[in-house]
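Use these hints to put chains B and C onto chain A, whose structure you have.
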Amino acid sequence: MTKIFVDGKAYEVKADQSLLQACLSLGLNLPYFCWHPALGSVGACRQCAVKQFRDEKDTRGRLVMSCMTPAADGTRISIEDAEAAAFRKGIIEGLMLNHPHDCPVCDEGGECHLQDMTVMTGHDYRRTRFPKRTFHNQYLGPLINHEMNRCIQCYRCVRYYREYAGGHDFDAFSSRSQVYFGRYQDGVLENEFAGNLVEICPTGVFTDKTLKRHYTRKWDLQFGPSVCVHCGLGCNISAGERYGTLRRIVNRYNGEVNGYFLCDRGRFGYEFVNSAERLKQPLQRQDGKLQPISKARALEALAGLLADPKKVIGIGSPRASLEANYALRALVGADRFYTGLSASAARLTAVALEMLRRGPARTPSLGEIERADAVLILGEDVTNVAPRMALALRQSVRQQPMRKADQLKIPRWLDHPVRELAQDQKGPLYIATPAATRLDDVATETYRAAPDKIARLGYAVAHALDAGAPDVAGLSEAERSLAARIAEALKSAERPLVVSGPSLNSEAILQAAANVARALSAAGRAPSLSLTAPECNTLGVTMIGGGSLADAFQAVKSGSADTVIILENDLYRRASARAVDEFFSSARHIVLLDSVTTPTVQKAELVLPAATFAESDGTLVSSEGRAQRFFEVYPPVGEIQSSWRWLRDIMMAAGRREAAAWQDLDAVVASVSDGIPALAAVAQAAPSASFRLAGAKIPREPHRYSGRTAMLANINVSEPKPPEDSDSSLAFSMEGVFAQPPASLIPFFWSPGWNSIQSVNKFQEEIAGPLRGGDPGVRLLEPSAAEPRAYFTPASEPTSGSAGEWLLVPLYHIFGSEELSRLAPGIAELSPQPYVALNPEDANALGVQEETSVTLSLESVSRTLPVKLMPGLARGLAGLPAGILPIEGSGLPAWSRISRA
Amino acid sequence: MNPIVKSLIILFLVIFIPLNVAAGLIWLERRLLALWQDRYGPNRVGPFGLLQVLADMIKIFFKEDWIPPFADKPVFVIAPAVIMVTVLMSYTVVPWAPGATVADMNIGLLFFLAMSSLGVYSIVLAGWASASKYSLLGGLRASAQMLSYEVFMGLSLMGTVLLAGSFRLSDIVAAQRHMWFVIPQFLGFILFLIAGLAETRRLPFDLPEAESELVAGFHSEYSGMKFGMFFVGEYLGVILISAMITVLFFGGWQGPWLPPIVWFVVKTLFFICLFILLRAALPRPRFDQLMSWGWKIMLPLALLNLLVTGAVVLAARP
Amino acid sequence: MLSILRTLWNIFLHAFQRRETVQYPEEKPYLPPRHKGRIILTRDPDGGERCVACYLCAVACPVACISLQATEDETGRRYPEFFRINFSRCIFCGYCEEACPTYAIQLTPDFEMAEYHRQNLVYEKEDLLMSGPGKRPGYNFWRVSGVKIGGKDKGEAENEAPPVDLHSLLP
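Protein chains in written order, with this note's numbering: chain A, 1 to 901; chain B, 1001 to 1318; chain C, 2001 to 2171.
The hints are simulated quantities; they were obtained by calculation from the structure and are not laboratory data. Each residue gets a CB set at the ideal place from its N, CA and C atoms; glycine is no exception. Take these hints with a grain of salt, some might be off.
Once the Cα atoms are required to be at most 27 Å apart in a straight line, the calculated BS3-like pairs of lysine-lysine come out as [said to hold, decoys possible]:
1. Lys2152(C) / Lys212(A)
2. Lys2152(C) / Lys132(A)
3. Lys2125(C) / Lys212(A)
4. Lys9(A) / Lys132(A)
5. Lys2125(C) / Lys721(A)
6. Lys2125(C) / Lys209(A)
7. Lys2152(C) / Lys209(A)
Covered, in the sense of this in silico footprint (three residues per stretch, anywhere, with C-beta under 8 Å from a C-beta of chain C), are these stretches of chain A [said to hold, decoys possible]:
8. 92-104
9. 133-142
10. 147-157
11. 162-175
12. 210-216
Derived coverage of chain B by chain C (criterion: at least 3 residues anywhere in the stretch with Cβ under 8 Å from a Cβ of chain C; other residues may be distant) [what the hints assert, rightly or not]:
13. 1034-1040
14. 1274-1283
Excised from the complex, chain A in its bound form:
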C-alpha cells in the first residue's frame, strides 16, 4: 500500500498502479478515453490530466497525465485544480470539433462515455465554425454497425482489436487530422471478439447492429443478471428487455470469469429468444397434427399419461438449469432419470468430472487462464468451442515476456513500453489439434494430427515430465522432440495450464491431459487443467447424475418404460436420426418441454412451452465447476413458464403432493442442494429471494425507465400492476434504493455521471479487480487432497481405418455449431453451409477442388457435400462442421469413404 494525496486528502492505495487507476479505485471522477483497464495506459488522449506537486510546499505544480504516472508513495496531485480542469475541458473541446450532431439518432446515446466525459469536464458549447470532416462508413457484417464520423481518435478499438484480440483485418489509417478506423475494404470483421468494440468504443462509432433493429435506450431496458447459455464457460451477461422482447446482451463484469469481454456468439446469439421458432403454448398431437391446447388440458392429459409412474422415464438436458433437471429427476425418480447426453458425451464428461475431483490439477477460472504462463492445448479448437477462453489464452502468452518488464521495473500497465520490450516474444502456447485454429498466430508450436495421435503426444509429454508416467511407442523423432520441448516449457513455468476437452470425442485425449497434469504435479508444479464443456450446464447435469441417452433408448427398447418426458433437448443433435426415430417409434408417449421448435417437437405427443434463460431463473454449472445463478429478465408471456414450474405442475396434476413445496425458486434450489451432495453449495450461488437491499427489492429497471403509463395503454388505459417476482430479490420495477447489490444480483452497471458500461469502475473493489463483495458464483470443484490417481495407460496402437478410408473429425464453428444461437438471424448469416474439409494435398490426390461435390459414405448412409480446402487440416483427415449436419452412426470421429459425386 502506498499513500497518495489527492486535493489535499490522504488516501491509501495499492502500489503498482497508475494514478488514474488509483483515483478511479477510490471512486473519484476523472475523465479518460484512451485508457481501458484491460488495455493499459498509452497516454494518447491527454484527457486524464491532473496537477502534480513536488511536496506540500509546491504550489505551482505541473500537469501530468494521471494514466502515465505511477501512484508512488507520497504523490501529491490535484484533480480539481483550475488549470488541470481547464486543460481537460480544452482537450474535450478539441476532440469534439468534428463530432457530428448525431446524439438523437446515435445508438450510443444515453450510455456514451463521450457524453459522460463531456458533461464531467463541463464543455457545453461548440465555438468553432469550421466544416466538420466526414467519413464514409463500412459494412462490417451483420453484428456491428460502423458510423465513422463520430470517432474521437482514442485508438482504443484498434488497440483492442489488434493487440488484445489478435485480429488482423482492422486498422487505423491516417494522414494529417484524418484518422480512419476500419478495414481495408467493406466486409465482415473476422475476429470472434469484434462485438466488444461496441463496449470498447467510448462513443457511437461501433454499435450493436442487432440492437439497432429493435432499438431501445439503455435507460428503457429492463435488465436481468444472467449467464450466457451458448457455451460451457458461463460468462456473465446483462440481458435487456423492452416491450416483451429481448433487446440486447451486454457484458456483466465478473473479475474471475469473463472480465470485461464476451465473445460474439454470447453477445449476439440472444435473438433466438425472440425467434419465430419459439413455442408459445401447449400443443397436443391430434389427428397427427400438433394443435394448441390450454394449460389445464395439457396437465390433465399429462396426469393421464403418468398413471403408471413405473413406465415413465425422463431425459434431462445439458442446456437446462440444474433446477429443471432436478425437478424432472424428482418427477420420474432418480433411477429413471437420464442426463440427455449422448453416450460418448456422458462418458467423457463423467471422466472429466472425475479427473477434476480427484486432482491433482485444479480447474482454473478464465481469469487464472489469462495469468497462466505456459499452455498446452490438447485437441480443442478453443476459439470455436469455448470462445472466451481463447481470448484469455491470447493474453496468457504475454505473461512470460512481461517478466522482463518487471525486471526492468516497467509497470505492467504501461502498455506501449511493455509491448515494445516484448516485441514478438510470446510465452509458450502449444496447440495440438486436427486442424488449424485461430490461436495459431500466437502459438509457439502447433501439431496437426488425428485425435489418437494428439493423445499420444500428450502421453509423451507426461512421460517427458515424469519418467514414472507411461510412455508411448512408435512416435517419430520430431514428435518426441516436440514432446520434450512442451515438457520443458511447462516445467519451467510457474503457472502451467493444460487445456483439453471432449470436442473430439476422445477419451484418450482427456486421459493424456490428465497424465500431463499429474506429471506436472509430480514434477513439483501446481498444474491447472481446464476441460471445456460443450453446453452451458453439461457439467451440472452430469453432477446430478443419471444414465446417458443410449441407456434411455435401451430402457424403452427393453419395454421397461413406455412414456418419455424430454426436457429442453433435441435428441436429433445427440444421436443418429435412425436411433432417435427408432426410439420415438417404440415409445408410446413422448412429452417434450422446450422453448424452441426442434425436430424433436415433430415427434412429440404433447409439447409444453418452456421459458428461455431470459424468462426464467436457475443455476448453471460452468466448465470451471462454478455454479452461477441466472435471473429472469422479464416475466414469460402467456402459457410459457420455467421448466421446473411445468414439472412441478405436472407432479401436482399427477397427485404428487410433495411438489406443492416448490412455490418459488429457493425451494427448488434447497431441494437440489439437499438432494445432490455434489451440488450442496449451489444455494450460495446467489442470495435468496428474501434478500433486501436497504429494505427494498433490487430494481431491474433503471430509475429513468420511461413509458410505464403508456406502453400498455393501447391495450387498456388502466395500467396493470407490475408482475411480482417470487423467485428472486429482483423486482420488475424501477423503484428501489440506489446502492450496490451483491455481485450476483447486479442487473446493470450505472452510476451517477457514468451512464456507459465504464461505470463498472464504481462497482469494483479496485480497478479490474473483483466486484465488491466478491465475484459472482460458487466453485463446486476443488481437487481433493487425497493421493492422486494412477497414470492412465495409453493404448498400444493408434486406431486406423482400412485403406482408402478417411477419418472424419468434427470441426467446430463459433457461429453455427451451437444449437440456440443459430436461431439468431445475425449468427445464422455467419454460419457456414455444410461442407467437407480436406487438406489441399489430399484433395489434389483425390482429384477434387474447392466446391467440388463429393460423396461421403458413413456406415450405411451417404451424403453429398461440397469440398472446402483447409490447408491446416492434418493429412488423412476429413472435417465436417459440427452441429450443422445431422449425426450419423455413433458420431464423429468415424472412418468413411469419400468419392467424387
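Using the frame of chain A, we list chains B and C on its own:
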C-alpha cells in the same frame, strides 16, 4: 282545525322546511361567497344554478358509503345521526310565528342550550370512532372548543331572560314588543353571535375541520350521506342560531305591515347571510388564541353583562 | 375589532365589483401559441416526419406517459414505428417539448380534449402527427446531423466537409 292535525302539520313543516332550507343553503352559500369573491358561483344547473342543490344531493346519495375497516363501526354510524337529531330537537322550541311552535315549553331556552350541548357528542364520537389521527385531532379540538364556548353562550343569554323574566321563548319574543333586546343586551348579542359561530363550527371557528391542517378534521373518514348528515347538520345549526338570534335579540316574528312569519324569515335570512359574510371575510384563528379568547375575554364579559343586567333589573324593579 | 368590521365591509363591497370569471365555453379565452396544451408531432419543411425516435421525450416525461419504438427506413432515416401518448396521464408540463432535439414534439393551445371514455385519451402516432412544422418553421434535424439518409450522403449536411477518401489514407 283539530289541534292534533295542526300539531302534526307544524311538526312536519318544522322538520321538512329547515332540512330543505339547509340543503338550499349549499347553493346560497356558494353563490354568496362567489359574489364576495368576484366570481359567479354555481350558475350552470338550472336557473341561477338553483338545481345545483339537487345535483349535489343526487351525487351525495349515490356516493359509496364507505366505513373504514379500522373504524369503530357502530359509533361511526351513530355519530352523524346524533348531530342531526340534537339540532332538529332544538327546532321544537323555536317560535316561528305566534302559536307556530311544536312545543312552547316554559324552559324552551334551557332546552335549546341542552340540545346544543349534546351536539358536541356527535363531533367527539365521530372523531374518536374514525380511528385516524386527523379525525382524532379534530374531535379533540371540537370538544375543547364547544365546551368552552358553551359556558358563556348560556351566560350571555341570561340577560335576555332577566329582562323578559321567562325561559319561554314566546314570552321572550312578546317581551320585545316595544324594544328589541339587542339594544339593552348588545353585549349579550355579540357574545351569543360569537358563541353561536363556535357552536356551529363555522368559519372563523372551524378548527375541528380545519381542512388546511387536518384534511377534514373529525369527518375526514366520512363519505356519502354520512358526510352529508354532518354537512346538513352544520347548515341546520346555522339556521337554528340565526333563528335564535332573531328570537332572542331581534324581536322574533314581530314587525309592522307584513305577516309575522315573513318577518321571522327575513330576519333569520339576514343572519344566515351574515354568517356567510363572516366566512368570506375572516381568517381562522390559532387554536390557543381561540381558547384564550373564550376563557379570558368572552367569559368575563358574559359574567359582567349578567352582573350589570342583573343590577339594572334589580334597580329598576319597583 | 374595528379592523374586523372594516374587513367585513370591504368584502361586502366586492358584491358590486366586476366578475373575474370567464364564461367558458360561451366565451373563449385567448391562449398564446406557447400555451402548453394538446401535444402534436410536426413535420420538417420538406414534409418528412421530424421525430427521430430518440426517446428523450419519453425519458423526460415525469408521468412516463409517452412510449414509442424506433425503427429505420431502408435509407437509414430513423422514425418511430409507433408513438403513443396516454393523455389520461399527461400533466402538460411541456418537458417533452423541452427535451426534443428536433422540434418534433410540440405543445399547442388546444386543451379541449375531454372524453367520456378514458381509453379514448390514448393517442397514437396517427392522432398526433400533423402536416406542418408548427412553431419552428425552418428547422430540419437531418440537415445538421452527420448520418447518411436517403437524399443526403455523408458530407452533404450543413457545415460538413466532403468525406475523406479512404484510399488517400492507405499506404
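Problem - Hints not upheld, ascending by number - result: 4
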